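**Student:** Listed here are the chains, written in short residue letters.
Number of protein chains: 4
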Amino acid sequence: MNTYGRIFRVGIFGESHGPCAGVVIDGVIPGIEINRSVFEEDLKRRRPGISGTTSRAEQDIPEIVSGVCNGVATGAPVTVLFRNTDMRPEDYEKFKEVPRPGHSDFAASVKYNHYNDMRGSGPFSGRLTVGLVAAGAIAKKMIGGISINAYVKELGGLRDESEWPSAIEKARREGDSLGAIVECRCSGVKPGLGEPFFDSVESCISHIVFSIPGVRGIEFGDGFSASAMRGSEHNDPFCGSDGKTSKNGSGGINGGISNGNEILFRVAFKPASSISKMQRTYDFVREEMTALGISGRHDTCFALRAPVIVESVAAIALADLMLVAE
Amino acid sequence: MNTYGRIFRVGIFGESHGPCAGVVIDGVIPGIEINRSVFEEDLKRRRPGISGTTSRAEQDIPEIVSGVCNGVATGAPVTVLFRNTDMRPEDYEKFKEVPRPGHSDFAASVKYNHYNDMRGSGPFSGRLTVGLVAAGAIAKKMIGGISINAYVKELGGLRDESEWPSAIEKARREGDSLGAIVECRCSGVKPGLGEPFFDSVESCISHIVFSIPGVRGIEFGDGFSASAMRGSEHNDPFCGSDGKTSKNGSGGINGGISNGNEILFRVAFKPASSISKMQRTYDFVREEMTALGISGRHDTCFALRAPVIVESVAAIALADLMLVAE
Amino acid sequence: MNTYGRIFRVGIFGESHGPCAGVVIDGVIPGIEINRSVFEEDLKRRRPGISGTTSRAEQDIPEIVSGVCNGVATGAPVTVLFRNTDMRPEDYEKFKEVPRPGHSDFAASVKYNHYNDMRGSGPFSGRLTVGLVAAGAIAKKMIGGISINAYVKELGGLRDESEWPSAIEKARREGDSLGAIVECRCSGVKPGLGEPFFDSVESCISHIVFSIPGVRGIEFGDGFSASAMRGSEHNDPFCGSDGKTSKNGSGGINGGISNGNEILFRVAFKPASSISKMQRTYDFVREEMTALGISGRHDTCFALRAPVIVESVAAIALADLMLVAE
Amino acid sequence: MNTYGRIFRVGIFGESHGPCAGVVIDGVIPGIEINRSVFEEDLKRRRPGISGTTSRAEQDIPEIVSGVCNGVATGAPVTVLFRNTDMRPEDYEKFKEVPRPGHSDFAASVKYNHYNDMRGSGPFSGRLTVGLVAAGAIAKKMIGGISINAYVKELGGLRDESEWPSAIEKARREGDSLGAIVECRCSGVKPGLGEPFFDSVESCISHIVFSIPGVRGIEFGDGFSASAMRGSEHNDPFCGSDGKTSKNGSGGINGGISNGNEILFRVAFKPASSISKMQRTYDFVREEMTALGISGRHDTCFALRAPVIVESVAAIALADLMLVAE
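Chains as they are written, first to last, in our numbering: chain A, 1 to 326; chain B, 1 to 326; chain C, 1 to 326; chain D, 1 to 326.
No lab work stands behind these hints: they were computed from the structure.
All of these numbers come straight from a predicted model, not from anything done at the bench.
Heads up, a few of these hints could be off.
[Said to hold, decoys possible] Below are the DSSO-like pairs computed for lysine-lysine, each with C-alpha atoms no more than 27 Å apart in a straight line:
| no. | chain 1 | residue 1 | chain 2 | residue 2 |
| --- | --- | --- | --- | --- |
| 1 | C | Lys96 | D | Lys247 |
| 2 | D | Lys190 | C | Lys94 |
| 3 | A | Lys190 | B | Lys96 |
| 4 | C | Lys94 | D | Lys244 |
| 5 | D | Lys247 | C | Lys94 |
| 6 | B | Lys94 | A | Lys244 |
| 7 | B | Lys153 | B | Lys247 |
| 8 | A | Lys94 | B | Lys190 |
| 9 | A | Lys96 | B | Lys190 |
| 10 | D | Lys190 | D | Lys244 |
| 11 | B | Lys277 | A | Lys244 |
| 12 | A | Lys96 | B | Lys247 |
| 13 | D | Lys94 | C | Lys190 |
| 14 | D | Lys247 | C | Lys277 |
| 15 | C | Lys247 | D | Lys170 |
| 16 | A | Lys96 | B | Lys244 |
| 17 | A | Lys190 | B | Lys94 |
| 18 | B | Lys94 | A | Lys247 |
| 19 | A | Lys153 | A | Lys247 |
| 20 | C | Lys247 | D | Lys44 |
| 21 | C | Lys277 | D | Lys244 |
| 22 | B | Lys96 | A | Lys247 |
| 23 | D | Lys244 | C | Lys247 |
| 24 | D | Lys247 | C | Lys170 |
| 25 | D | Lys94 | C | Lys244 |
| 26 | D | Lys277 | C | Lys244 |
| 27 | B | Lys247 | A | Lys277 |
| 28 | B | Lys247 | A | Lys94 |
| 29 | C | Lys244 | D | Lys96 |
| 30 | D | Lys244 | C | Lys96 |
| 31 | B | Lys170 | A | Lys247 |
| 32 | D | Lys277 | D | Lys96 |
| 33 | C | Lys190 | D | Lys190 |
| 34 | B | Lys96 | A | Lys244 |
| 35 | A | Lys170 | B | Lys247 |
| 36 | B | Lys244 | A | Lys277 |
[Unchecked claim] Which stretches of chain B does chain A cover? Using the computed rule of at least three CB atoms under 8 Å from a CB of chain A, they are:
| no. | region |
| --- | --- |
| 37 | 115-127 |
| 38 | 149-159 |
| 39 | 270-277 |
For each residue, glycine too, the CB sits at the ideal point set by N, CA and C.
Excised from the complex, chain A in its bound form (with noise of 0.2 Å):
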């Protein structure tokens, strides 16, 4: 359950406030030189410290624990760890009584019979996604010629990215968040990757990207606003012998199978549940509503950390493509 892929296989464990947060990648290619700094740039743009994020601050350094020998991956499965160092787990004691809006604690409480680790939400924090980058990093050294490149296309509902700063510091200001949308285009996909049935390319990264807390839809290429288009506006005509089409509405996929074209994606997140202002909401001990604000160290706009998040899982999926097809 807690493992992704069918020969590129990640995965996640940890916690938020518990030990660490770290990840086992098996599948990796042997010989790939891998070391701290493999990580380095993706962990850096992940990290919190930018304006409208949180202050936590954790310096996530990777410890690689197996399946690496003098600087390569030896084809055995490669473990890294983060150890956490910033946590303050006395902060979610209460969660237990009022369930935090749009959070996780209600329903993992149910699912873990009660004994889920509430500390900064446990599994379910976005702590863990420290993990999907490190594989992530390492899944995009694997994919050779594949170019992935994602970036927030619109905030809290503004394309202008000039205004971005002064909604987010407008935000912040009244202890509220801000969702947005980020965009990812993967170019020099091979086309005949993905299967008709039940693995299609959107299906793998769909699955993945649902795996990154706070996300609410996904779509590819002209995406839902193909919906309300004709056939023969939203056809893309195929204009040279390598496949290449003329608009790729189809977001590089025909058939759950890519086409050779951009493979391109966007992914709505939500704004953060965690907000100072005052919410309403239920006490399961009272019974009776009750008002919650929520201190502590949170981001304004998680989704400014999120393209790398994104850029990974993206990476991830293809690499385990890629391996099943060849």
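The hints should help you fit chains B, C and D onto chain A, whose structure is shown.
**Tutor:** Structure of chains B, C and D alone, referenced to chain A:
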């Protein structure tokens, strides 16, 4: 690859214009009544014939060839065949030279080294969804108290149902096609299904939804519109001890886990790629652009037949999630 | 559950006295020639008729209903059906009350809550191995240079082949049955297949070998006799740069990985459980011991038909290991 | 590949002379008490030190880094690390040139394109079974009423336990090693676990047993000796309404399904490949035969440490079978 699910497992096989479409369903609870009439209503909803759909006339008679004895499931894999009767394979030869825009012709040809079955798109055809509907009918019987209801929410960009018939008629006359958005509601789902990584409820549903031909996007709860909301607006306060929330903007899922509210998602369908209207596209043999009009029997708006397919895959995903959770 | 393999995937369905036995084979390399004659020779070896086997007369005509177009594999799942024709379901009713010793009657009845198909042991029947043989015939075509050869090594405890006919005839006359040991050699397997944990070559082969009905044990290379050897005696020195060893006591596998030598294993088959000789066993309805003699058409030594089945599952396991390794 | 199980999933990682050996265990029932003492007894049984085993001195202190909060399982993946402390990696360099007979050196080198970790056999080492034992300790807690007991049945071909010490001492003095047969009994297993195809109880157990280094064979119930029996002799009459049989020659399994009797199997372990006695083998650099004596710290009879490992993998297999069946 052509199998979905961990405990409730569904395998699809067959081709549009080969001998049959079929499905193998593993993990069926022994004792469930299975006979032709179990499939009848759902198959009827999928069948063409309503305005705006193809004139291909398949009887869709389910032939149950394994897993059932004396009218009840035995616990062994249930296999259901649907013989193809109204085939016209000769329609498709030319698409080897001039792949249809928006179709799998080109991508499949690369993937399968030109050995792919082109007849009616072979295994990529919407015809294969008949197997999904058969599996869904059994899944619905397995998930007891859950009620699943899908319907066209928007057609050709129009929300007002009264405008659809004329829009369809106009598109049909012009040899064009229309897309649609299908909304699906699953009520009665108990809290606690799904996993934080990687098998979130959204992951499991989106994975199988994206194997339905023609899907361009999926969103849960507030979906893409959540990305333009503030946390205080999107957050969904609990309002009772059963976990019911006031707005269900998360679509019944928190942290990947069902929270007991209605699971709500929307699926964007593109307009059908097969249109009789002339299109300019590439001739891979003559290596030049050419004009292509696709005759044959095609849906003006195949999404009209899609709700029951969306219901079916939702039922399959939920049946598997429930068996895993037990 | 009823599927084997990761990339080359085989799913079995059907019942002994239901409409058919069948198999779905996923991951077949496109372009491989597939027609009835591909299966013929292996099916013939599996068919009863030789002395010491059942008189049930099934034609075993393979009906290829998907995945093949113009006589070659398309890359889509290949489904093969074998219609049952010579059924006598009425033979089996009484075993609900008096489960046959050595048969699955009792265990299956508990597992499937008494809904299991008792007719000819339903899905537990040796009849279903016809699907394994069909999948094996395709697997053999996929694994090119590998040659697989299985044969009865020992029958009824006798190593001298010349003594078998009289032993079989004697057992048959006395209404009894005989076991056997089948040995299998796979030559031409390249080194490097398999995984240390958990998918060793032995793990993958033993997994599928133990789904053949009636198997009691499996050993590789020196097998159980290795446990009585010293290291200096069992160790297998390399004797050339291609990795060939002098004794192959490890059966072509070191550390779970193929080493380029012949993969050699032996499978122990029990004597058939169905015997006409009277047995004392429990009557679950009358709650007392009773006498049971099983009439019908049964093999005196079904292991005579087993070598081709052992070859088939070895081919399936190796095809999957090779596709994973590529 | 390095994962076993469908619902109770165990992933192994680490190397003999790298930083650690470890295990990730998914599907642990929330609320189960997990602390160091849970592992203590089983780890002690696996630890070297008894006569006939290696002098490598690892403390085997389990470091629980995920999935546990306040001493109980939370339902998230449980990760346990065992830091390596007593490493001598320099011992292994020469085996790149002269692969050790019976070891994975050569096969792994081909598989991993010479990037494999040679130090102490890297991920192929018996060291990694420490993770199996940790997972097994948790599995044992999950399978409640089932009691699993494994023991050395035969050592160096000797059934009489009183002869073992002198046999071991003799082999040790001569720089040689001994094999053994380990027998395992699982009582209290409820009937109905397993599948006819392909996940029979034997398939699931043999799959994981063959990932224990040094296993050459496995047999259930009467095992290989059944092949020399007659049906009337091997058949196992029921003798009571709970499904108990009189002889349990089928080892508690009929048709791949547990029948409620004791699950009984035997595992053949080869003698350790590492012996100090001189062997003639191939030098892959000089391309000639050479003499090889393996110094270092090795077990004369590692099978003495194997019973707890066999118990552990049996517990893992049964835990998964039970969760699937529920």
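**Student:** Now tell me if each hint is right for this structure.
**Tutor:** Hint check:
1. Lys96(C) x Lys247(D): holds, 22 Å
2. Lys190(D) x Lys94(C): Status holds; Cα separation ~24 Å.
3. Lys190(A) x Lys96(B): holds, 20 Å
4. Lys94(C) x Lys244(D): Holds: Lys94(C) and Lys244(D) sit about 20 Å apart, inside 27 Å.
5. Lys247(D) x Lys94(C): Holds, because 23 Å separates the two Cα atoms, which is no more than 27 Å.
6. Lys94(B) x Lys244(A): holds, 20 Å
7. Lys153(B) x Lys247(B): holds, 19 Å
8. Lys94(A) x Lys190(B): Judged against 27 Å, a Cα distance of about 24 Å means the pair holds.
9. Lys96(A) x Lys190(B): holds, 20 Å
10. Lys190(D) x Lys244(D): holds, 11 Å
11. Lys277(B) x Lys244(A): OK: Lys277(B) and Lys244(A) at ~22 Å, within 27 Å.
12. Lys96(A) x Lys247(B): Holds - the C-alpha atoms of Lys247(B) and Lys96(A) are around 22 Å apart, at most 27 Å.
13. Lys94(D) x Lys190(C): Judged against 27 Å, a Cα distance of about 24 Å means the pair holds.
14. Lys247(D) x Lys277(C): holds, 18 Å
15. Lys247(C) x Lys170(D): holds, 25 Å
16. Lys96(A) x Lys244(B): Distance of about 16 Å is within 27 Å: holds.
17. Lys190(A) x Lys94(B): Holds. Lys190(A) to Lys94(B) sits at ~24 Å (cutoff 27 Å).
18. Lys94(B) x Lys247(A): holds, 23 Å
19. Lys153(A) x Lys247(A): holds, 19 Å
20. Lys247(C) x Lys44(D): Violated - the C-alpha atoms of Lys44(D) and Lys247(C) are around 36 Å apart, more than 27 Å.
21. Lys277(C) x Lys244(D): Holds, at roughly 22 Å.
22. Lys96(B) x Lys247(A): Within the cut-off at roughly 22 Å; holds.
23. Lys244(D) x Lys247(C): violated, 44 Å
24. Lys247(D) x Lys170(C): Given pair Lys247(D), Lys170(C) holds - Cα atoms ~25 Å apart, limit 27 Å.
25. Lys94(D) x Lys244(C): Cα-Cα ~20 Å, so holds.
26. Lys277(D) x Lys244(C): Given that 27 Å is the threshold and the Cα spacing comes to 22 Å, the pair holds.
27. Lys247(B) x Lys277(A): holds, 18 Å
28. Lys247(B) x Lys94(A): Holds, because 23 Å separates the two Cα atoms, which is no more than 27 Å.
29. Lys244(C) x Lys96(D): holds, 16 Å
30. Lys244(D) x Lys96(C): Holds: Lys244(D) and Lys96(C) sit about 16 Å apart, inside 27 Å.
31. Lys170(B) x Lys247(A): holds, 25 Å
32. Lys277(D) x Lys96(D): Distance ~19 Å between Lys277(D) and Lys96(D) Cα, so the pair holds.
33. Lys190(C) x Lys190(D): violated, 42 Å
34. Lys96(B) x Lys244(A): With Cα atoms ~16 Å apart, Lys96(B) and Lys244(A) stay inside 27 Å; holds.
35. Lys170(A) x Lys247(B): Distance ~25 Å between Lys170(A) and Lys247(B) Cα, so the pair holds.
36. Lys244(B) x Lys277(A): With a Cα-Cα distance of about 22 Å, the restraint between Lys244(B) and Lys277(A) holds, given a limit of 27 Å.
37. 115-127: holds (count 3)
38. 149-159: Holds, because 3 residues of the region 149-159 of chain B bring their Cβ atoms closer than 8 Å to Cβ atoms of chain A.
39. 270-277: holds (count 7)
Violated hints, listed in ascending order, are 20, 23 and 33; each of the other numbered hints is respected by the structure.
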